[in-house]
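Assemble the complex: chain A is given as a structure, and chain B must be docked to it using the hints.
Top to bottom, those sequences are chains A and B.
Each residue of the first sequence is one higher than the one before, starting from 0 at the first, in numbering that gives the first Met the number 0.
Each residue of the second sequence is one higher than the one before, starting from 0 at the first, in numbering that gives the first Met the number 0.
The reader is advised that the hints may include incorrect statements.
To be verified - Once the Cα atoms are required to be at most 27 Å apart in a straight line, the calculated DSSO-like pairs of lysine-lysine come out as:
id: 1; chain 1: B; residue 1: Lys170; chain 2: B; residue 2: Lys72
id: 2; chain 1: A; residue 1: Lys170; chain 2: A; residue 2: Lys103
id: 3; chain 1: B; residue 1: Lys147; chain 2: A; residue 2: Lys72
id: 4; chain 1: A; residue 1: Lys39; chain 2: B; residue 2: Lys287
id: 5; chain 1: A; residue 1: Lys103; chain 2: A; residue 2: Lys147
id: 6; chain 1: A; residue 1: Lys320; chain 2: B; residue 2: Lys147
id: 7; chain 1: A; residue 1: Lys7; chain 2: A; residue 2: Lys72
id: 8; chain 1: A; residue 1: Lys72; chain 2: A; residue 2: Lys39
id: 9; chain 1: B; residue 1: Lys147; chain 2: B; residue 2: Lys103
id: 10; chain 1: B; residue 1: Lys39; chain 2: A; residue 2: Lys320
id: 11; chain 1: A; residue 1: Lys72; chain 2: A; residue 2: Lys103
id: 12; chain 1: A; residue 1: Lys287; chain 2: B; residue 2: Lys39
id: 13; chain 1: B; residue 1: Lys72; chain 2: A; residue 2: Lys287
id: 14; chain 1: B; residue 1: Lys147; chain 2: B; residue 2: Lys170
id: 15; chain 1: B; residue 1: Lys39; chain 2: B; residue 2: Lys7
id: 16; chain 1: B; residue 1: Lys39; chain 2: B; residue 2: Lys287
id: 17; chain 1: B; residue 1: Lys103; chain 2: B; residue 2: Lys170
id: 18; chain 1: B; residue 1: Lys72; chain 2: B; residue 2: Lys103
id: 19; chain 1: A; residue 1: Lys39; chain 2: B; residue 2: Lys103
id: 20; chain 1: A; residue 1: Lys39; chain 2: B; residue 2: Lys147
id: 21; chain 1: A; residue 1: Lys39; chain 2: A; residue 2: Lys287
id: 22; chain 1: A; residue 1: Lys72; chain 2: B; residue 2: Lys170
id: 23; chain 1: B; residue 1: Lys320; chain 2: B; residue 2: Lys39
id: 24; chain 1: A; residue 1: Lys320; chain 2: A; residue 2: Lys39
id: 25; chain 1: A; residue 1: Lys320; chain 2: A; residue 2: Lys287
id: 26; chain 1: B; residue 1: Lys72; chain 2: A; residue 2: Lys320
Since the hints were derived computationally from the structure, they do not count as laboratory data.
What follows is each chain in one-letter form.
Number of protein chains: 2
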Amino acid sequence: MFAFHVHKTDGAARLGELTTPHGSVDTPTFMPVGTQATVKAMRPADLRANGTDIILANTYHLMLRPGAERIAKLGGLHRFINWPHPILTDSGGFQVMSLSSLRKLSETGVTFRSHLDGAVVVLTPERAVEIQALLGADISMQLDECIKLPATPHELRRSVRLSAIWAERSKRAFESVPPGRALFGIVQGGDDPRLRVDSCRALVDIGFEGYAIGGLAVGEPQHVMLAMIDAVMPSLPTSCPRYLMGVGTPDDILEAVARGIDMFDCVMPTRNGRHGVAFTRFGAINLKNARHAEDPRPIDAESPCLAARDYPRAYLHHLIKANEILGAMLLTEVNVHYYQSLMRQTRAAIANRQFIEFCQSTRDSWARGESAAS
Amino acid sequence: MFAFHVHKTDGAARLGELTTPHGSVDTPTFMPVGTQATVKAMRPADLRANGTDIILANTYHLMLRPGAERIAKLGGLHRFINWPHPILTDSGGFQVMSLSSLRKLSETGVTFRSHLDGAVVVLTPERAVEIQALLGADISMQLDECIKLPATPHELRRSVRLSAIWAERSKRAFESVPPGRALFGIVQGGDDPRLRVDSCRALVDIGFEGYAIGGLAVGEPQHVMLAMIDAVMPSLPTSCPRYLMGVGTPDDILEAVARGIDMFDCVMPTRNGRHGVAFTRFGAINLKNARHAEDPRPIDAESPCLAARDYPRAYLHHLIKANEILGAMLLTEVNVHYYQSLMRQTRAAIANRQFIEFCQSTRDSWARGESAAS
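This is chain A alone, in the form it adopts within the complex (with noise of 0.2 Å):
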């Protein structure tokens, strides 16, 4: 059965514990985004292993390819990809905005084309949380209209609008799922702090076990996404989960952990380690850049993790300018396993009641960068 409890406290941030039915989760937490039913070249076993409760699923990539009812028919999503553990999966919402074709939106739904092979296909928020209970998703949201920024007050209140009336249905439809999942609503409004607030008390009306912040980490400044967090948090339930989409870099979680936020997704660990870039605690690393050609040290000698202790820079240059898989597969082990030590050391500052601390020493850390390591 779905749960949240809040433990603990240190100013804003929060340390609590998500209960699910695939097991619980430590909050603040991030989940690394599979796309295609994978974490980009992480096996299960080795996500876990660097720390990782809980994953997020594309409900958009997987109603195309290769759809909800076939992963049902093999026994769920969970099953499907050998991750027993909890599960989110998105609405499919952002990905239909930024991926496909030939959008038509109407108060029913959204009508798209597959990015995949053309086909059309209609998504409405009653198909969304279908397609969500029949992937077995542990967590599921409500389907939303990501809107582009900058976009006109006239254009985010009527998005803000239709996703209200989303919700509500979303609501009503996720009444005939089966129990002890959970269901959260997506505050929207763009930059506009009180058209935020209004999104964010329409979705308390309705009432959702927990409550997501979207539409921001599309490009805005982080001053931007800040202020709309600060907008939104007074309206927020505190018994429930609060759950930023797409964030981001570390800076940005700590900045939004430090405000109350309990939960993160984000493709940058993944995505930018198959690009060359290791997250350190000395900050950001590119091995793609030619100093790094000659260079013997690994990315962190003091690391626990094997992929930043055991291969020389040298080597992961080498591997990212070959575009060999093992490049992908070590960088991305590094970054996974990065984020997780980040969050497993920002909830330990939270129980000690030293998280501003834990903040500066972090970004004092990444500020110095590696030569005072070295």
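Showing chain B alone in chain A's frame:
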């Protein structure tokens, strides 16, 4: 110090042990191919865990990128790639023929353009030995000319003569390599058994630590390949390891072991894995095939290899269709595990003098296929 001992024989099949500066290798052995300083899609620790004792690295690729001098400066190939176990390097001859353009062959060596950047590179027998010494190979191969079949008798004779001259120069150059490492000669002669014997005798006169049979597995029928092995075997010293280059299918390996071959390398388990083919005790399974799209069974429920045991075929089918890195990772592991377990069983069968029975039961299992097992 390099050494080779035959512990037991069963017919012509031999159970032996190679000793190298980086550890020993039980033979018959299979060497996965690490073309660009990585066995594609596998971490070194996973190669080892799946039974790999020695890998092959490609001189041609490494001399072009990242460069032999650079790898030497970084402490050698073993340290560069985080593989502290034995490494055999080829001489670059085969790839010069198959990958580079504008080759000019003379008795001195071969001049060619890099397939990466078009740079003009000269490879001589002496330089091939030097590169392999810089890499720190436990076993080096002489530079040879590997010509395409079919070839005229005149071409074949010329290439055998050239390879013998290069063998002699390689041997001389190898005298300045640090002691303990080994140099192997390569028997050429195309599909002409008499030329194969001539080539073999010339090499044995020069004297090498081991002898390879090259220029096969290039598209000829299996019976031609086996006839060439049969032709040269009587001329090879029983005290030295015998290496059949670029071979092959599981069946090729059993046939060659039965004729006294001790060492193999092939891209087949790794390349075919990336393309969706799993090697199993039921024969090869092409996971790309649509009939696997809804199959909940793993590749082999009784395999100790988690990649073969814990993932539905439907999922592997999906990963390969979606071109996901994890598909390449899992099927590469399935195949390396299968090849290495075949070699382990081969060694056990020779030890028990049951190699013929083992070959028969293995072939029966391949022929029965999956139907009998499901």
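Self-check item: Violations among the numbered hints
Solution: Failing hints, ascending: 3, 6, 7, 11, 15, 18, 19, 20 and 22.
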